[in-house]
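Trainee: So the sequences go chain by chain: A and B.
10 is the number that this note's numbering gives to position 10 of the first sequence; each next residue is one higher, with no gaps.
For any residue, its number in this note's numbering is found by taking its place in the second sequence, counting from 1, and adding 1000.
It is worth saying that the hints were derived from the structure and are not from the lab.
Please note that a few of the clues may not be correct.
What the hints assert, rightly or not - Stretch-level coverage of chain B by chain A, calculated; a stretch enters the list once three of its residues show a Cβ under 8 Å from a Cβ in chain A:
{"id": "1", "region": "1021-1030"}
{"id": "2", "region": "1039-1050"}
{"id": "3", "region": "1101-1110"}
Glycine included, C-beta positions come from ideal geometry on N, C-alpha and C.
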Amino acid sequence: KAGVTQTPRYLIKTRGQQVTLSCSPISGHRSVSWYQQTPGQGLQFLFEYFSETQRNKGNFPGRFSGRQFSNSRSEMNVSTLELGDSALYLCASSWAGTSGVYNEQFFGPGTRLTVL
Amino acid sequence: AQRVTQPEKLLSVFKGAPVELKCNYSYSGSPELFWYVQYSRQRLQLLLRHISRESIKGFTADLNKGETSFHLKKPFAQEEDSAMYYCALRARYNTDKLIFGTGTRLQVFP
């Protein structure tokens, strides 16, 4: 079956603009998580959605928001972009969003955001 | 505070040499730990998790609660093992939230 897909793969924006990134989880997966990956900070958790509800949120400013649709697809939005928002944004999905040997998270290829 | 520490940014070995990538964690409770790997130009993927007690591609990792460690080991490194390795901790039972270490780049020379 198809893996996690993210669109767009690359994005260039300028400071002050806003951006929306999209993630399509593996079919049947109900949990979607987002991470920001930068050389300096590594992989940092942004938020997690399960059945359209935000279940967890990381320590990011309110400019970062997200949502999940009834088909489990998820979007994240960053408003008023700053230079420091330049990063690779990864999405991951799993079936159950919980512990257990049968629940594995699968990562997408990421969206590379560059803020000029 | 929940934290994962990978003290080495880079580990270089020759093919056939043993490999140990270190991971220490800070967590109050029963942790669930993972090793993820990212090969060049590929997406992040799960290598192994402590609850499965499995060996993947010759790699093993044992959870040591006394030393709060989850080191990744392989007795004989292969060139194809060259990649970025991340240790991660599941924050709670009922969540997919992972806390990642900063990663260790493993270089295996021929």
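Trainee: Does each hint hold? Answer for all of them.
Mentor: Here is how each hint holds up against the structure:
no.	hint	in the structure
1	1021-1030	violated (count 0)
2	1039-1050	holds (count 5)
3	1101-1110	holds (count 3)
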